[in-house]
Every structure is written in structure tokens, then in C-alpha cells.
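Visitor: Listed here are the chains, written in short residue letters.
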Amino acid sequence: MRDGRGTVKRKAGLRLWLSGGWLAIVALLTLLAGWISPHDPLAQDLFAARLPPFWVDGAEPGFLLGTDSLGRDVLSRIIYGGRIALTVAVIAGLATAVIGSVLGLIAGYYRGWADAVISRLVDIWMAFPPVLFAILLIAVLGTGLWSIVIAIIVIDWTRFCRVVRAEAMNQSQMDYVSSAVVAGHVRAAILWREIGPNVLPTIVALLTLEMGIAVIVEAILSFVNLSISTDAPTWGGMIAEGRISIHQAWWVLVCPLIVLFLTVLAFSQFGEGLKDRFDPVLR
Amino acid sequence: MGSGTPMFRVRGLELSLPDFANKPPLGRAPMVDILKGLDFDIEAGSVLGIVGGSGSGKSTLGRTLIRLLEPTAGSIAFEGRDIGHLDEATLRPLRRRLQMIFQDPMSSLNPRRRVGAIIADPLRIHGLDRINARVDEALDHVGLPGSFRARYPHELSGGQRQRVGIARAIAMRPDFILADEIVSGLDVSSQAQVLNLLENLVRELGLTVAFISHDLSVIRRLCSQVLVLNRGTIVEYAPVERIFDAPEAQYTRELLDAIPLPDPDQPGW
Ligand SMILES: Nc1ncnc2c1ncn2[C@@H]1O[C@H](COP(=O)(O)OP(=O)(O)OP(=O)(O)O)[C@@H](O)[C@H]1O
Ligand SMILES: [Mg+2]
Chain P
1 MRDGRGTVKR
11 KAGLRLWLSG
21 GWLAIVALLT
31 LLAGWISPHD
41 PLAQDLFAAR
51 LPPFWVDGAE
61 PGFLLGTDSL
71 GRDVLSRIIY
81 GGRIALTVAV
91 IAGLATAVIG
101 SVLGLIAGYY
111 RGWADAVISR
121 LVDIWMAFPP
131 VLFAILLIAV
141 LGTGLWSIVI
151 AIIVIDWTRF
161 CRVVRAEAMN
171 QSQMDYVSSA
181 VVAGHVRAAI
191 LWREIGPNVL
201 PTIVALLTLE
211 MGIAVIVEAI
221 LSFVNLSIST
231 DAPTWGGMIA
241 EGRISIHQAW
251 WVLVCPLIVL
261 FLTVLAFSQF
271 GEGLKDRFDP
281 VLR
Chain F
1001 MGSGTPMFRV
1011 RGLELSLPDF
1021 ANKPPLGRAP
1031 MVDILKGLDF
1041 DIEAGSVLGI
1051 VGGSGSGKST
1061 LGRTLIRLLE
1071 PTAGSIAFEG
1081 RDIGHLDEAT
1091 LRPLRRRLQM
1101 IFQDPMSSLN
1111 PRRRVGAIIA
1121 DPLRIHGLDR
1131 INARVDEALD
1141 HVGLPGSFRA
1151 RYPHELSGGQ
1161 RQRVGIARAI
1171 AMRPDFILAD
1181 EIVSGLDVSS
1191 QAQVLNLLEN
1201 LVRELGLTVA
1211 FISHDLSVIR
1221 RLCSQVLVLN
1231 RGTIVEYAPV
1241 ERIFDAPEAQ
1251 YTRELLDAIP
1261 LPDPDQPGW
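Residue numbers (our numbering), protein chains in the order written: chain P, 1 to 283; chain F, 1001 to 1269.
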């Protein structure tokens, strides 16, 4: 609701706190993995295989979320897997946002030949089916963390570019831009100081979305074994392994799946929450 | 300023823009002529009213005068110097002297900047001193309290927003202000207040103003000269009394007939 005057605070707190809290916990656990993780994520112990999680009969106290069929601690593997997922999300997300937004802002504000070149490039780029594109790239680059990051950047910068270009064009039509010209601003300053801040909420919303997408892409690629080396713990790899022993040890599949789901959800909700909370413009 | 030289001397002003709506699939968009050869002067200290129907080219003319647009042909002499084709860097020192108040203050005030920054920014660009004092003075001039500096545009009423737009323009101590339909987005009582304010400022600061409006009753009150525009050409350009007492062009008479006159015999309904 808005009533014209005064700052009207919407009750957006819960969504922001829940999603932000979850992301903070995941980030903290993965950052401090070396100290916090109860076990070595790679240590096998065939005598402790398929131990159930703590709330099921027969659980061992040291293994909160149980062990997989090779006796590796599920919680430790989730923590170390989160490290890979978040690394991919942050690096790929930020790089995609920066490349796409800069090109989008230039195309949308300066128009002319810069726009013609960038827009044409985006059109051609988007004609490639993304999944095929990704597999092709990994085939060329080889598997590994950096290949995933590069694949995401190469494929998804167009998403930012298109949306940011449209928004920059939109903002360029506003009279506050004419008013900045009347004031005597140079063009670069108008783009940076006047239009930039008005496009930023769009970029932030896209960025959190992109981070969620990066987590999913990393999981899918490791699920189909195109991610980093097979024995490194990844959420997608754990889900793939857990699938095989689903009838004997369902927790090996279910635990990383829930964590993956909550993390992706948290990223998208965090973006929405930020927008509600910090946007001074209530429309 | 030397007497004899008007502030603006406009001769043969033409402006064409590409018409993207009728662009053929291949090739260039055709050009549409929006201003078709205009001649007029604006004397220093006068208030020129620009009237005409929607789409007649009023805003385009105004924006060309202060060089938000570049004319296709003709000359715009500002104090004797043709500014029609100056580049942005050469224009910059002139920008301080040529200001504009916009129709829609919601769109013309950056929603993410506070009122104080909105008014101070142009002053900073031109390296003026005592910026804080100037901002306070400008707010005071338009009748807003200094505490409004900390507000965002969406925290103001429509009339207050338009006052901020006026404060931004006058804080620069300009010589010329273009006012493009500055009251048409406001309710009746704010309209009257903003017009009073502008009238006082013109007198107090000795401003030269081009006042664009489709409302002739407002023009009559404010302006000394009137330029009637129709489809990009001047149909009449005369002192305000002549326009109202003895209009020559048919188009002007039609505009005059469209003014709703208060009729004492008819009860209001
Ligand atoms: N960027 C543009 N490209 C092409 N045509 C334009 C452009 N801007 C304006 N026009 C056309 O120029 C003509 C004059 O427009 P302008 O905005 O100057 O009219 P106006 O007299 O201010 O009208 P209003 O009273 O509705 O504000 C219109 O026919 C409009 O369609
Ligand atoms: Mg107009």
C-alpha cells in the first residue's frame, strides 16, 4: 500500500530473513568447512556403510545425516559440495552480471551502431540451444570447475544483456535524463549516475536468479558426470550416487536434494526480498 | 546585454526526425518534418507563450531552443551567437543559463535521488560555490522547508514535486527558462499555486521564459507575447492583447473559442 507521503514499509521481512539466513548458513558452513565438517568427505569406511541419519533407529552419533554405501559421511560431503556449488554461483553469477549489464547498458543508452552490434550478437547467440551449447563447451574445455563457470558465463550473459538493455532504453526516455543534459552532465556520467542506479534493482534481481540457476547447472552437470573429478563431493554427484542405492539408503539421495532445492529457492526469494526492502520507489 | 539584440533570434528553424513507425523493412526510416521553418525573437525579460494543439510541435520547439535537440536547418542565435550546431562540450557553459521545467515532475526527478542532491547536482557540475546555501535559498524561493532536502520524490505531493523542479531550475540563476506544460499534471489548486509562484519568480529574478501551454487562459495571465503553432508552422505571433482582442488566424480563433468561459447566466452544474 502507498499513501503518497512518508516511507511506507512493506512487510517483506520474513522472506528476506529466511532466505538470507539459509544462504548465510550455507555460506558459513562451506567457508569454514575445514573446521566444521565432522569427517573427511572422501574417507571411506566400509564397516560404517549406509548408516541412517540421526532420527532413524540404528544411527551412529558421529554421523548426523548418515553415511553412503562407501561409508562416507553425508553431512561432510554436503558441506564440501556446497563449497563447489557456491563458488560456481558467486563467480559465474557476478561475471555474467557484469558482462551482460555493461553491454546492455551501452546498447540501451548509446543506441546507434553499438546497439546494432550488441543486439545482433545477442540474437545470434540465443539461437543456439543452451544445453547443447553447454555440452559442446565442456567437451571443448574439458571437465572441471572452471569449465562450468565459463560455460555458464558464455551462455547466460545474453539474459542480462537483453533485460538490462530494455530497462536502460526505458529509463533513457525519462525526463530526468533530459534534465541531466540540461544540467550539463556528460553522457557517461548520466549513464553511470542517473540511469545506473535505476537499473540496479533489475540487475540485482537477475543476479540472484542467475546464482540459483548456476547452482542448478552445476548440479546437473555433475549429475551427468560432466563436472569436476568424479570423487570430489558435489550435490549433483551425490544425487546421482544416491539414486543407485535409493532402496537401501534413501538419505544419500534425499539430503543433498533438499539442500539443493532450499538453496535455489533461497536465491530467488532473496532477490525478491531485497527488492521489496531496499527499493525506495514504491510503485 | 546590448539593447536591440533579442535574447533569442530564431530564423528558418526546421527540424526533422526519422519516423520509425513507417520504416520500410529494408532501408532507412523516412524523415518527418516537425518544425517547418520558424522565425521569431524572444526579448530579454519577456514571457513568450507557445500554444497549439497536441502534436503541433511545441515541445520539440522548446527543446530545440535549449539545444536538447539539434535543428535540421536554420539558426538559433542566443545573444547574437548561433548555438544551433554547437557540440555538447561547447554548450556546457551555456547550459547553466538555459534551464527547463518539465511537465511531469515524477519523470523529471530521478526517483533514486533525494531532493537535496537533485537540486545540488547541476550546481556542482558548473562549479558554483556555497552549494548548500544555494539549495536552501532555492527551496525557500519555491516555498518548501529545508527539511525536504532529505526526501525522495515519491515522498512529495504532485505540487511539491513541481516546486522541486522549479527550485532546481532557478537555483542555477539562469537567464532563460523553458516551462513545458508545467501545470497540466496538477490539480486545480496546485495549478494556481505553481502559476503564482512562477509569476512572482519571473518578476523577482527578471527571468526570460518560454511558457508552453495548451490553455490560453493561463497564457493570457502570464505572457507578453504569444506564438501560435499548428502542424509545425507559426500561424500567429503577436503581443498577448492582440491575440485575445483581435486574433487574425482562423486557427487562433478556434483555440480561443475552446476556452471555457465562466458564464454568469448559466448556473454551474
Ligand atoms: N522522437 C520523435 N520521433 C518522431 N516523431 C516525433 C518524435 N517526437 C515527437 N514527434 C512528433 O512530432 C510532433 C510534435 O511533437 P511535440 O511533442 O513537439 O508536440 P506538442 O505540441 O508538444 O504536443 P503535446 O501538446 O501533446 O505535448 C508530433 O507529431 C510527434 O508525433
Ligand atoms: Mg508537449
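Just so you know, the hints here were simulated from the structure itself, not pulled from any lab data. As the structure is a computational prediction, the values presented were derived from the model and not from experiment. Just so it is clear, CB atoms sit at the ideal spot from N, CA and C, and this is done for glycine as well. Fair warning: there could be bad hints in the mix.
[What the hints assert, rightly or not] With the C-beta cut set under 7 Å, the calculated list includes, among others, these residues of chain F facing chain P:
hint, residue
1, Met1100
2, Ser1107
3, Gly1158
Visitor: Does each hint fit the structure? Answer for all of them.
Guide: Hints, one by one, checked against the model:
1. For Met1100(F), the shortest C-beta to C-beta distance to chain P is roughly 5 Å, which falls under 7 Å, so the interface hint holds.
2. Taking 7 Å as the C-beta cut-off, the interface hint given for Ser1107(F) holds, the closest approach to chain P being about 4 Å.
3. Evaluation of the Gly1158(F) hint against chain P yields a violated restraint, the C-beta minimum of about 9 Å exceeding 7 Å.
In summary, the one numbered hint that this structure violates is 3.
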